[in-house]
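S.K.: For reference, the chains in residue letters:
There are 2 protein chains.
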Amino acid sequence: MRSLVECVPNFSEARRPEVIAAIVAAIESESRVRVLDISSDVDHNRTVVTLVGEAEGVEAAAFAGIAKAAELIDMNQHQGVHPCLGAADVVPFVPVRETTMADCVSMARRLSERVGRELNLPVYLYAAAALRPERENLENIRRGPEAYQMLKKEIAADPQRAPDFGPKQVGPAGAVIIGARQFLIAYNLYLNTDDVQIAKKVAQAVRYSSGGLRYVKALGLLVNGQAQVSLNLTDFTQTPVARVVESVRREAARYGASITRSELVGLIPQAALIEAARWYLQLDNLEMNHILENRLDEGNKE
Amino acid sequence: MRSLVECVPNFSEARRPEVIAAIVAAIESESRVRVLDISSDVDHNRTVVTLVGEAEGVEAAAFAGIAKAAELIDMNQHQGVHPCLGAADVVPFVPVRETTMADCVSMARRLSERVGRELNLPVYLYAAAALRPERENLENIRRGPEAYQMLKKEIAADPQRAPDFGPKQVGPAGAVIIGARQFLIAYNLYLNTDDVQIAKKVAQAVRYSSGGLRYVKALGLLVNGQAQVSLNLTDFTQTPVARVVESVRREAARYGASITRSELVGLIPQAALIEAARWYLQLDNLEMNHILENRLDEGNKE
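As given, the protein sequences belong to chains A and B, one line each in that order. Each residue of the first sequence is one higher than the one before, counting from 0 in numbering that gives the first Met the number 0. Each residue of the second sequence is one higher than the one before, counting from 0 in numbering that gives the first Met the number 0.
None of these hints come from the bench; they were simulated from the model. Hints are supplied without guarantee of correctness; some may be wrong.
[As the list claims (entries may be wrong)] Here are the simulated distance ranges between beta carbons:
#, chain 1, residue 1, chain 2, residue 2, range
1, A, ALA101, B, ASN191, 36 to 46 Å
2, B, GLU286, A, ARG249, 22 to 32 Å
3, A, LEU220, B, ASN139, 50 to 60 Å
4, B, GLY210, A, ASP194, 39 to 49 Å
5, A, ASP102, B, ILE37, 28 to 38 Å
[Said to hold, decoys possible] From the structure, some residues in chain A lie toward chain B, with a derived Cβ separation under 8 Å:
#, residue
6, GLU53
7, GLU55
8, VAL244
9, SER261
10, PRO268
[As the list claims (entries may be wrong)] Some chain A residues judged to face chain B by a derived CB distance under 7 Å, without partners named:
#, residue
11, LEU35
12, SER38
13, TYR254
14, ARG260
15, GLU262
16, LEU272
17, ILE273
18, ALA276
19, ASN284
20, MET287
21, GLU292
22, ARG294
Just so you know, even glycine gets a beta-carbon here, dropped at the ideal spot from N, CA and C.
Please build the complete structure, drawing on both the sequences and the hints.
M.R.: Next comes the structure, spelled out in structure tokens:
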């Protein structure tokens with residue numbers, strides 16, 4: 000099997016299609032990567048590109064995308080409700096297949112050094128690639144709707160705001176936040192009730208921020224008249240999907256409600272589903288090479 | 000993704016390693032296939048070869064294996080406790096990836112015609128490839144320990160025994176039974192009891208032969224002092240793993256027992272695990288292209 004890394008750069012532009020096209024073209028000029036998805040939100044004035052490939056190609060493509068965005072986007076002109084620090088605002092690497100988090104951390108740090116040196120942009124490392132513990136949380140680096148204007152004023156004066164790479168100075172392209180994180184699974188569970196309060200109580204019970212599971216963010220919503228627990232699973236390798244679903248099921252039962260169905264928003268790694276099957280089937284000794292297809296793919300190496 | 004077919008030919012030889020080596024070499028001379036496993040049982044005097052590849056290569060490799068076995072194995076000299084009709088005794092094709100059961104049926108019938116014509120061996124089609132409904136069950140084609148000797152006497156005289164292809168005459172290589180079937184999952188569930196009677200009652204409740212689930216064979220055993228329900232799932236696409244496990248769980252609970260763990264014997268197709276995850280997580284709308292890796296593999300087609 001080929002080793003694969005995902006990269007999900009967020010660019011501060013959604014209203015000028017020609018700018019987005021130019022950034023995507025710069026990314027795709029790196030032949031070893033494949034762009035899986037491009038999502039633009041006009042209110043946020045922000046575009047999220049999902050690309051995958053072998054590590055070296057993805058790192059080069061991310062650099063090309065950052066360079067093109069820095070060239071074409073002027074943060075002084077930017078308007079949008081989503082907080083942002085720069086033209087290429089956040090660039091996370093995600094391990095997908097035969098790649099570790101440590102590999103992605105190395106990629107993030109190497110890319111950060113290059114962006115600082117070659118593009119002369121301030122760079123902050125976040126999440127698993129953070130060099131300062133307080134920078135693990137993105138929100139500690141990029142605060143509020145006026146994040147770019149605030150950084151301009153503070154970067155030289157406040158040692159807490161010093162970038163990890165690049166100049167202590169903010170130009171029109173702003174700063175870049177580069178990091179490594181696990182694949183994010185966006186997952187919704189529907190309850191057999193139209194009482195949104197139950198979904199809110201369940202969400203509060205299972206999410207990290209109010210005492211719940213470590214790698215879970217959750218909201219209670221009403222969707223088409225049905226209570227929905229909307230979840231972000233930020234590290235399924237440590238807080239697996241089955242545990243989250245069973246926690247929601249138990250909390251909902253506390254209020255006399257049950258789960259009618261679930262849904263994915265976007266993609267899920269195969270490993271997350273295999274782990275759920277292993278848990279529910281109690282297949283303690285399941286190994287990846289027990290799966291027929293994995294045996295077949297081994298053959299491609301020969 | 001490459002389309003893939005599995006073939007699991009059973010040969011009536013386990014005691015002469017040079018004969019097995021020659022058969023495997025004949026199969027592997029077809030470069031488009033990969034041999035995943037070779038299992039010999041000396042008491043049965045029988046060797047099971049598991050090979051995979053694209054349809055055309057697998058069909059050619061199966062022919063090469065049958066031809067070599069017919070050349071080297073004399074059924075008049077064969078001794079072993081497992082019933083068998085021929086040197087290459089049973090040759091099933093199994094759809095694995097991007098291949099349907101109908102494709103495998105076509106392969107089985109085309110191979111049967113060729114074996115009858117070029118090797119002058121009588122061929123019976125079984126399972127999904129059967130041309131007569133009574134031949135869907137292998138046991139109706141190959142009966143008892145003296146199957147080969149009986150067929151010799153009956154093939155010309157009894158119209159019920161007429162082969163689907165090839166001569167109404169049995170030589171030293173015997174007959175070949177060729178067919179198409181689903182992947183067989185061998186799956187054991189352990190109960191928290193040393194009472195084998197509970198495992199036997201659960202097995203009886205869930206298996207097809209005594210009124211249970213259609214594509215399930217089951218036995219109750221005692222393994223290392225723990226009651227075990229030993230299962231063969233003969234078509235996981237119609238009787239899925241989750242339904243079998245939950246049936247076993249419910250029947251065991253009837254006797255106050257529960258499942259402590261499960262285990263696979265051999266391989267399981269990815270689709271069987273994904274389906275189990277979908278069922279337990281209630282992910283009604285899960286599509287194969289929601290799985291990240293499947294998106295990546297699409298890229299290989301370009």
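S.K.: Taking the numbered hints from earlier one at a time, note which ones the structure violates and give those numbers from smallest to largest.
M.R.: 6, 7, 12, 13, 20
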